[in-house]
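Participant: Spelled out from the first residue to the last, the chains are:
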Amino acid sequence: MSLAELRAEASKCQFCGFCEYACPTYKTMRMRHFGPRGRINLIKNFDGELSEAAYIGIMTCLVCRACDVQCPAGIKIAEVIHDFKAYILEGKIYKNKR
Amino acid sequence: MSIEWISQLREIVVDSLEKSWLPFPLKEDLCEGWKKDLQAGPSSTILYTSCMYHIAPVIEKAVENLEKFGVTKGGVMTRLAAVGTKALGGFLLRPDEAEVKRADGIVRRIYELLRRAGVEFGLLDREIYSGALLYELGLVDDFARYARRAAEYFKKRGVRRIITVDPHTQHVLEKIYPKYVEGFDIEVVSYLDLIKPGGVSINGFAIHDSCLYARFLGKYERIRQLLAAGNPVEDPYITGKDTAGCCGGPIESTFPGVAKQIAKTRVRELAKLSRKVVVQCPICYVNLKRASEGEVELYHMAEVLL
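Protein chains in written order, with my numbering: chain X, 1 to 98; chain R, 1001 to 1306.
Hint data in this document are derived by calculation from the structure and do not stem from the laboratory.
Don't take each hint at face value.
[To be verified] Between beta-carbon pairs, the in silico distance windows are:
#, chain 1, residue 1, chain 2, residue 2, range
1, R, Arg1275, X, Glu5, 44 to 50 Å
2, X, Phe18, R, Glu1295, 41 to 47 Å
3, R, Arg1116, X, Cys16, 45 to 51 Å
4, R, Asp1185, X, Met1, 22 to 28 Å
5, R, Arg1116, X, Gly91, 47 to 53 Å
6, R, Glu1295, X, Gly17, 27 to 33 Å
7, X, Val69, R, Ala1228, 23 to 29 Å
8, X, Val69, R, Ser1201, 28 to 34 Å
9, R, Gly1033, X, Ala8, 46 to 52 Å
10, R, Glu1120, X, Glu5, 40 to 46 Å
11, X, Gly17, R, Arg1148, 40 to 46 Å
Glycine residues also receive a C-beta, built at the ideal position from the N, C-alpha and C atoms.
Full structure from sequences and hints, please.
Facilitator: Next up, the structure:
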């Protein structure tokens, strides 16, 4: 997914938080940016910069898909976060190598 | 963990794959020992390990070291070299001999289960890695380049059908290769769908599902069918298809501390059901083992199927 597609998919989030119930990192860390709702909203509001905390929140997603089935809006949460990770790495790693 | 760390990890993995088809500097024959004395004529169907059962204990050792000493002090290579052994022009990572023997035993067991079910297959002259780690980390460009090389490797050997032995390889070959490798049309099947075991050697265990098998590849019911004779203890949340917790494995090489905390949460949940836990994935095994500290006994699925 392109960044625009990722944002569009993330924009479906209605903040219900059902996804947090099954998220292993949220269950363990108990902080919103370690859960699907927090991560999806970081992506939705991404303006080109990520704080260190937001970066760690995104990069610790296990892409285990436990959140996907809980989402009433049907957001492909795991796929969005995985592709956003790839987008971040693309910008921070590959561009420096070229 | 910093971008710098992921960047260094990427360099190690990409460089190792380029030189040896394996994601870390490893002894070249590490993943070949299990084939000794087995029938392995050329065939268009192959049993493919992707070296996963042999790499997992190496990762375990490296992650332990990273966690203990941190990842920024001295850089990644220094940290990895500390658990490796010096070799000409560099170092090699070496798992414990007991872990290599166990990995050999598991893959040989899968070989036997398949043969007993009447499945015809051959073996590769040399195991190569699938590239799953690159994709899972989000290093998609590197993954795509490597996947094309690996697909060519299979094609040159006339491979038309691959039997996998772990969820990461099954997922990446079945679902991801076709997206990144033009014309990739090799059939990919899991050994789980081909074997016909005659029972289970332990009883009253809990099942730790692989997220990939359960939620990406539709194997949740098949695994229960295979393990039913051992009367697994189930719980709608702890072992439910949609809610079963991950082991933390996917981030063990980038955030080992968080991965371990997640694994501890998972071990606590499973221990409520049984002290015996059956896993289906070498990465799950390593990560839960690291966090278990004796709270549960871990068994690979192939070890308990009769």
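Participant: Taking the hints in turn, state whether each one holds.
Facilitator: Now the hints, each set against the structure:
At roughly 46 Å, the beta carbons of arginine 1275 (chain R) and glutamate 5 (chain X) sit within the given window of 44 to 50 Å. Range check, phenylalanine 18 (chain X) to glutamate 1295 (chain R): Cβ separation about 30 Å, and the 41 to 47 Å hint is violated. For the hinted restraint 45 to 51 Å between arginine 1116 (chain R) and cysteine 16 (chain X), the CB-CB distance of approximately 49 Å keeps it satisfied. Roughly 25 Å separates the CB atoms of aspartate 1185 (chain R) and methionine 1 (chain X), a value that falls within the hinted 22 to 28 Å.
Roughly 51 Å separates the CB atoms of arginine 1116 (chain R) and glycine 91 (chain X), a value that falls within the hinted 47 to 53 Å. As the Cβ distance of glutamate 1295 (chain R) to glycine 17 (chain X) is approximately 30 Å, the hint placing it in 27 to 33 Å holds. Look at valine 69 (chain X) against alanine 1228 (chain R): about 24 Å separates their beta carbons, and that is inside 23 to 29 Å. Our hint of 28 to 34 Å for valine 69 (chain X) and serine 1201 (chain R) holds, since their Cβ atoms are close to 33 Å apart.
Here the CB-CB span from glycine 1033 (chain R) to alanine 8 (chain X) is close to 50 Å, well matched to the stated 46 to 52 Å. In this structure the hint that glutamate 1120 (chain R) and glutamate 5 (chain X) lie 40 to 46 Å apart at CB holds, the actual value being about 44 Å. As the Cβ distance of glycine 17 (chain X) to arginine 1148 (chain R) is approximately 41 Å, the hint placing it in 40 to 46 Å holds.
Of the hints listed earlier, the one the structure fails to meet is number 2.
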